[in-house]
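Peer 1: For reference, the chains in residue letters:
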Amino acid sequence: MTMVLNHPGIADAEPNADALKRRGSRERRALASLTLPGAILIFLVLILPIGWLFWLSFFGPSGEATLENYARMLKPIYVRTFISTFEVAGLVTLVCVLLGYPVAYLLSQLSERTAGLLMIFVVLPFWTSVLVRTYAWLVLLQRTGLVNTWLIDAGVISTPLPLVHNMLGTVIGMVHVMLPFLILPLYASMRAIDPVYMRAAANCGATPSQAFRQVFLPMSLPGLTAGIALVFVLCLGFFVTPALLGGGRVAMWAMQIANNISVYGNWGAASALGVVLLVVTAIILYAFKRLFRVDTFEGVR
Amino acid sequence: MLNRPATETQITHFQRIWLYMLVALVFAFLIIPCLIVIPMSFSGSKYLEFPPRSWSLQWYGAYLGSSEWRAATFVSLRAALLTTVFATTFGTLAAYGISRAYGAASSLARGVFMLPMLVPLILVAIGCFFVYAKIGLNGTTTGLVMAHTVLALPFVVIAVLSGLASYDMNQERVAQSLGASRPWAFLTVTLPQIRLSVMSGALFAFVTSFDEVVIALFISGGQNATLTRLMFANIRDQIDPTVAAISSLLIGLSMILLVGSHLLRGREDRK
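Just so you know, the sequences run in chain order E and G. Taking my numbering, the leading residue of the first sequence gets 1, the next gets one more, and so forth. Taking my numbering, the leading residue of the second sequence gets 1, the next gets one more, and so forth.
Keep in mind that the hints were calculated from the coordinates and are not lab data. There's no promise every hint is true.
[Stated by the list, open to error] From the structure, some residues in chain G lie toward chain E, with a derived Cβ separation under 8 Å:
no., residue
1, A109
2, V131
3, V150
[Stated by the list, open to error] FRET-style restraints, in silico, Cβ to Cβ:
no., chain 1, residue 1, chain 2, residue 2, range
4, G, A180, E, G24, 18 to 28 Å
5, G, E68, E, N166, 24 to 34 Å
6, E, A282, G, I17, 36 to 46 Å
7, E, Q214, G, P52, 51 to 61 Å
Note that CB positions come from ideal geometry on N, CA and C, so glycine has one too.
Work out the full structure, taking the sequences as your base and the hints as a guide.
Peer 2: Next up, the structure:
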């Protein structure tokens, strides 16, 4: 008779639930503490300095509070930099789409084995230092470089073409760096398209180009938009290649920031430019994420 | 052969020969700048030529003979190895915490660890330069490794998270129920099974640090100038064939790392 009253589940329910809850919150704290070393480092190197720059952007060179650093951005020289940055980024992105889409398409139609082998052409540049590739373009494109030498020897031209230290050279170098960033996510999304849809479209009487335009293209759009967002955003803040291949003739946002510090020592102006760059980057990524539901940066490499 | 259908919509190889040619041209565009420097670096004359009229190792000699280049290489290697150790350790811990936690805390942590990949590098560079100037970390290995570790963290976290996604956490619970402590269960049961993901994260961390230019330009200098910083200055000011020799060595290194990451991925897939 007493056995029924002493049923363990009933009598111990309360203290047991408390213990479980305590254990649960201890567990959560333990898990959170695992992320601490990395999170502290991110705070020290990333969040704190950028917050500080943000604060700094509201002060003039002599320490007075002012919005001058933001107002200055409306001056023609800054506006020209913004326009040329967006032009370069847009042009590079467009060329990357025109060159990258056919490559990703063809690779996605081949067997996994063949595609994996041909992928070396995309992945080797990806793993090669940007500096090394920029140097190679300089060697190829400069006045006495390989391309000009070959063209002159072949009798096509008599004087060297200005291929580098200008907009053309900058775009060529940047496309080379950015192309893998477009091809890799695009290829992944095209690989996921079941070929059965194309066969079905053909069976239903679609011409090949109709089937491509109405079936394949729309299904490849998520990968394409992810690639476009990634390339465009990376171009906006790109420093190394424009600095070396632009020859001072292509004004880019990142170079303007660097110059404000190394040439003028104007931290307020540099900070304001940096803050606006960050905000523009965040807006573009957020807009793409909302509009196309793409996670741009996950799993690119 | 060329008239056989190549696609589900009965397009023949012949009809899309333009596609093959276009793709071949893009491949050439992608690969030529990565390879052309290698033969040129063996040039025997005072200038870079392709194809070289005579062969020599003079530019490799110039590289190895220069104490400045040697010191910079050493600085870069040291920073990359330290970055690999810290980023891999911190990133693996964080990925484990993120994968086991759930709800808002987990996605917040995930977001924080992706930040270094999203923020424009130039902003990180000037931010670090500014704060480091206040606390005397500019031109130090500590400062450089801290910044590079932060840059590398997202790659490690992504790699390890993907490894943990295909790992059955119940195995760790079994180990614990058999008396293993939590850290011991992780080290002896979980870690061996996700080691390939951890290693590929480590590989990314190494490359991230070794190839990094923008931050190094701002915060490394003097005795602690990195190889990339020295190369950048050299490329900007003159075309020094020594850089061709260094570039060729770096291309060789990327090929080794590429093969390494390919092998890791292949083994991961077979599991």
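Peer 1: For each hint, tell me whether it holds in the structure or not.
Peer 2: Cross-check of the supplied hints:
no.	hint	verdict
1	A109	holds, 5 Å
2	V131	holds, 4 Å
3	V150	holds, 4 Å
4	A180/G with G24/E: 18 to 28 Å	holds, 21 Å
5	E68/G with N166/E: 24 to 34 Å	holds, 31 Å
6	A282/E with I17/G: 36 to 46 Å	holds, 44 Å
7	Q214/E with P52/G: 51 to 61 Å	holds, 53 Å
The earlier numbered hints are all upheld by this structure, with none contradicted.
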